[in-house]
Amino acid sequence: MSRPASMLRRAAASSNPAAHTTARLLVTRAASTAAPGGSSDGAYSAPTSTSTSTSSSSTGTSASGAAGQNAGPNTSGTGRTTHFGFRDIPEEQKETLVGGVFSSVASSYDLMNDSMSLGIHRLWKDSFVSTLLPRLPPSFHSVSNSPSSHPANPKFKCLDVAGGTGDIALRILDRAREKFSNRDVEVEIVDLNEGMLDEGRKRVAKTLYYNTPQIAFTHGNAQSLPSHIADNSIDLYTIAFGIRNCTSLPAVLSEAYRVLKPGGRIGVLEFGKVSNPLLREVYRQYSFQFIPIMGKILAGDADSYQYLVESIERFPSQPEFAQLMRDAGFQTGQMREGKGGAWTDFTFGVATMWTGVKM
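Sequential numbering of the sequence shown, starting at 521, is according to our numbering.
No lab work stands behind these hints, which were simulated from the structure alone.
A virtual CB, placed ideally from N, CA and C, is assigned to each residue, including glycine.
Wrong hints could be hidden among the right ones.
Label pairs and their calculated CB-CB ranges [unchecked claim]:
hint: 1; residue 1: Pro733; residue 2: Gln854; range: 38 to 46 Å
hint: 2; residue 1: Pro782; residue 2: Lys816; range: 46 to 54 Å
hint: 3; residue 1: Arg703; residue 2: Arg600; range: 41 to 49 Å
hint: 4; residue 1: Pro654; residue 2: Lys722; range: 24 to 32 Å
hint: 5; residue 1: Leu798; residue 2: Lys675; range: 28 to 36 Å
hint: 6; residue 1: Leu818; residue 2: Lys675; range: 18 to 26 Å
Heads up, simulated DSS-like pairs for lysine-lysine below, C-alpha to C-alpha not over 27 Å straight-line [said to hold, decoys possible]:
hint: 7; residue 1: Lys859; residue 2: Lys781
hint: 8; residue 1: Lys699; residue 2: Lys675
hint: 9; residue 1: Lys781; residue 2: Lys699
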């Protein structure tokens with residue numbers, strides 16, 4: 521038995537129930553042949569560390585269209601660690617482990633989102649998209665309000681990273697079409713998990729966007745986006761319930777900054793921290809006691825949903841993540857919640873939206 525495997529099995533014997541569950545998942549996933557990389561969700565290391573180089577953390581009530589994109593390159597032998605749920609692991613193991621999770625849950629992901637959040641994730645996503653696209657006139661002007669720098673009929677280019685099943689991408693297209701009668705919007709979905717991308721393709725095949733240039737699916741890594749996505753080429757970058765599964769949050773944000781045009785916007789939708797102590801404990805009990813059971817009943821996989829719940833716990837707080845965005849170069853609102861702030865909480869902070877602008 522290899523040393524990592526033996527260590528995981530010893531951890532599985534721990535008297536700590538959470539450690540036992542996560543260790544068991546690690547052993548299972550390490551032995552799987554799942555595709556490397558996650559799906560539509562990403563990750564940051566425990567906020568107890570001041571270093572961002574090892575950071576990484578769709579939802580206990582998972583809500584992303586493609587929830588598990590692990591965004592880290594599979595670099596072996598770095599000596600750095602990150603987290604997978606409550607366990608600290610070598611960085612190079614995370615892609616495969618997260619990939620196994622989302623390959624396992626891909627076919628039941630949308631059903632689980634509705635069941636676990638009682639459908640509320642739909643409202644979060646609607647608010648997310650409507651905030652990022654408050655208006656989009658037929659003759660598109662860039663977010664930077666500099667129409668002279670664009671062609672006569674420019675395309676509004678959106679990049680939905682960790683976009684898996686297409687939830688956010690389709691909302692963007694629907695809003696542009698129904699609210700603004702606009703057809704000059706294109707969304708490219710990038711996800712590292714082929715299973716989640718396949719689910720998205722099936723969904724789009726049932727819509728009017730099928731076989732049109734308005735939507736495209738690309739297998740790719742959030743930390744190192746495909747080479748055809750050029751610098752300063754994107755008007756809107758979105759990542760919903762995916763970034764906490766990535767190996768390095770700073771790397772993901774750096775790539776987002778690179779591909780956005782000056783004046784382009786980034787929107788991040790992720791699970792946040794509930795500020796009210798009583799509600800926080802109720803939510804935590806619901807997440808750890810109920811969600812894995814629902815995963816077992818509806819998806820036949822309690823372990824994967826146990827990981828998703830644990831990954832929420834390890835994700836940075838609202839102000840911590842806002843600071844990471846600033847560190848990447850984005851201009852945000854003030855370091856507070858609400859109008860004029862860097863983030864907006866939904867449902868008492870169960871979910872949070874962060875926005876920023878590339879200046």
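Exercise for the section: Run the structure past the numbered hints and jot down the numbers of the failing ones, going up. Expected result: Hints 5 and 6 contradicted; others consistent.
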